[in-house]
Amino acid sequence: MCLAIPLQVIEVRGTTGDALQPPSAIVTAEGVRQEVRLDVVDRLPVVGDYVIVHAGFALHCLDKQQARENLELLEQLAAGTDETR
Amino acid sequence: MKHVDEYRDQAIVRSLASRLAGQIDRPLRFMEVCGTHTMNIFRFGLRSLFPMSLEVVSGPGCPVCVTAPVDIDACIAAAESKNVIMATFGDLVRVPGSRGSLAESRARGAEVEIVYSPIDALGLARAQPDKLVVFAGIGFETTVPTVAAAVMQAATLNLDNFCVLSLHKVMPPVFSRLLTGDHRLDGLLCPGHVATIIGRQAFEPLAADYSIPCVISGFEPVDIMQALVQLAALAVSREARVVNAYPRAVDEFGNLRAREFVNRIFQPADADWRGMGTIENSGLSIRDAYARFDARRRLDLEVVAVAPSSTGCRCGDVICGRCRPVDCGHFGNSCTPVNPLGPCMVSSEGSCAAYYRYGGN
Ligand code: SF4
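Keeping their order, the protein sequence lines are chains A and B. When we follow numbering that gives the first Met the number 0, the leftmost residue of the first sequence carries the number 0, and every step to the right adds one. When we follow numbering that gives the first Met the number 0, the leftmost residue of the second sequence carries the number 0, and every step to the right adds one.
Be aware that a few hints might be false.
[As the list claims (entries may be wrong)] Which residues of chain A face chain B? A few of them, derived with a C-beta cut under 7 Å, are:
#1 A3
#2 I4
#3 A18
#4 E29
#5 H53
#6 L58
#7 H59
#8 L73
#9 L76
[Unchecked claim] Ranges between beta-carbon positions, derived for each pair:
#10 A:E34 / B:V303: 36 to 44 Å
#11 B:G180 / A:V46: 47 to 55 Å
#12 A:E71 / B:V337: 43 to 51 Å
Please keep in mind that the hints were generated in silico from the structure rather than gathered at the bench. From the three backbone atoms N, C-alpha and C, an ideal C-beta is built for every residue, glycine too.
Make a model of the complete structure from these sequences and hints.
Here it is in structure tokens:
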């Protein structure tokens with residue numbers, strides 16, 4: 000089951016290479032908190048970034064700016080002004 | 000900033016639906032290849048918004064549904080080995096192999112535990128050091144990196160009682176199989192999170208070799224409708240290109256770090272698909288360097304395919320888009336989610352289950 004909504008990182012934990020405490024992030028959306036592993040994410044997030052999550056692992060990281068641009072795309076869609084290629 | 004509402008905005012979805020209808024100038028048939036697409040198209044009632052001339056069929060995107068009977072047999076053989084705990088995703092437990100399901104072996108006394116991630120299976124192994132925990136690894140490019148991470152962690156922890164029965168599959172070869180011959184498809188709605196890992200460009204050869212438009216889509220209603228609008232535009236103008244309609248999660252080359260993880264642990268192997276037979280290099284096996292985490296080698300699993308007794312289940316046709324669930328004689332009669340005959344009714348991501356639950360035709 001895939002979730003397409005970016006979740007915001009509010010805390011980063013653990014250390015790379017530590018098998019007992021591997022890097023993870025606390026993420027939140029709509030008030031729900033969840034811990035996700037960062038082993039295979041394309042870029043390690045910092046607090047404030049957004050991540051796309053699958054099966055308890057972050058797969059893709061977006062900074063605030065990228066996340067905002069994404070929402071703007073949606074707003075353009077709503078206005079029917081986007082340029083569909 | 001919160002996102003959920005925006006991606007489900009009714010007004011946007013409706014305006015996209017009318018653009019979709021306005022664009023289509025001839026009957027079109029698209030295939031989506033992702034269990035979450037199947038589910039969400041039904042769950043959010045998107046089908047009722049599609050124009051009459053658009054048909055969207057489900058392809059082999061549900062990991063449970065595509066698992067071949069012989070691989071279920073291998074899971075059962077592993078589960079019934081001495082001192083083993085079989086850890087698996089819930090849906091897999093009820094899927095029939097050629098001689099019953101894991102649920103039936105559990106009833107006979109095998110230890111079968113339901114887990115939500117490979118990390119849970121690893122935790123089980125750490126908690127039960129005198130048992131061998133075998134994780135049934137199903138899933139596509141998106142799931143494999145998480146399993147690779149679990150194996151890496153087990154290796155670092157020097158955990159000796161954890162291994163994986165790799166039934167993983169990769170998407171491009173099955174697309175090639177589907178698009179060879181008479182497929183009557185005008186476009187592919189490509190799975191977003193597979194693309195997160197393999198990148199937009201990985202779909203280029205498909206579009207070029209089979210002259211088929213491809214659009215990579217996310218999973219929320221707005222994502223799916225928007226991707227369909229773009230796919231219709233390409234199909235109408237007969238442009239066999241790959242468009243990324245899910246840029247918040249997908250880039251050109253994908254997640255190189257995740258792929259490195261996967262390549263360290265796994266190598267390409269042939270795999271069996273339900274209803275499609277063996278497809279060359281469409282699966283992944285564990286490399287020699289990690290042989291001790293390979294359930295096939297740990298348990299000497301040599302499972303030979305036997306022809307499953309014919310139940311008349313048409314899942315093989317359903318997952319190739321050759322028939323609709325309602326075309327199967329068992330649908331809704333002898334086959335329901337409570338008493339499923341085939342995997343497409345077992346899995347919540349299967350098309351038979353979606354049709355049954357949400358009343359499709
Ligand atoms: S309705 Fe049941 S028997 Fe028919 S194809 Fe679907 S899962 Fe198989």
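Tested hints:
1. Against a cut-off of 7 Å between C-beta atoms, the interface hint on A3 (chain A) holds, since the closest Cβ of chain B lies about 4 Å away.
2. Satisfaction of the interface hint for I4 (chain A) is found here, the shortest Cβ-Cβ separation to chain B being roughly 5 Å, below the 7 Å cut-off.
3. Because the smallest distance between the Cβ of A18 (chain A) and any Cβ of chain B comes to about 4 Å, under 7 Å, the interface hint for this residue holds.
4. Of the supplied interface hints, the one on E29 (chain A) holds, with its beta-carbon coming within about 6 Å of a beta-carbon of chain B, less than 7 Å.
5. For H53 (chain A), the interface hint holds, since its Cβ comes within 7 Å of a Cβ in chain B; the closest pair sits about 5 Å apart.
6. Among the interface hints, the one on L58 (chain A) holds; its C-beta lies about 5 Å from the nearest C-beta in chain B, closer than the 7 Å criterion.
7. Interface hint status for H59 (chain A): upheld, as the beta-carbon distance to the closest one in chain B is roughly 5 Å, under 7 Å.
8. The interface hint given for L73 (chain A) holds, since its Cβ lies 5 Å from the closest Cβ of chain B, which is under the 7 Å cut-off.
9. The beta carbon of L76 (chain A) is positioned within 7 Å of a beta carbon in chain B (closest approach about 6 Å), and the interface hint is therefore held.
10. Taking the beta carbon of each, E34 (chain A) and V303 (chain B) are about 42 Å apart, inside 36 to 44 Å as hinted.
11. The given range of 47 to 55 Å is respected by G180 (chain B) and V46 (chain A), whose C-beta atoms sit roughly 52 Å from each other.
12. Between E71 (chain A) and V337 (chain B) the C-beta distance comes to about 46 Å, which sits within the given range of 43 to 51 Å.
Consistency note: the structure conflicts with none of the earlier hints.
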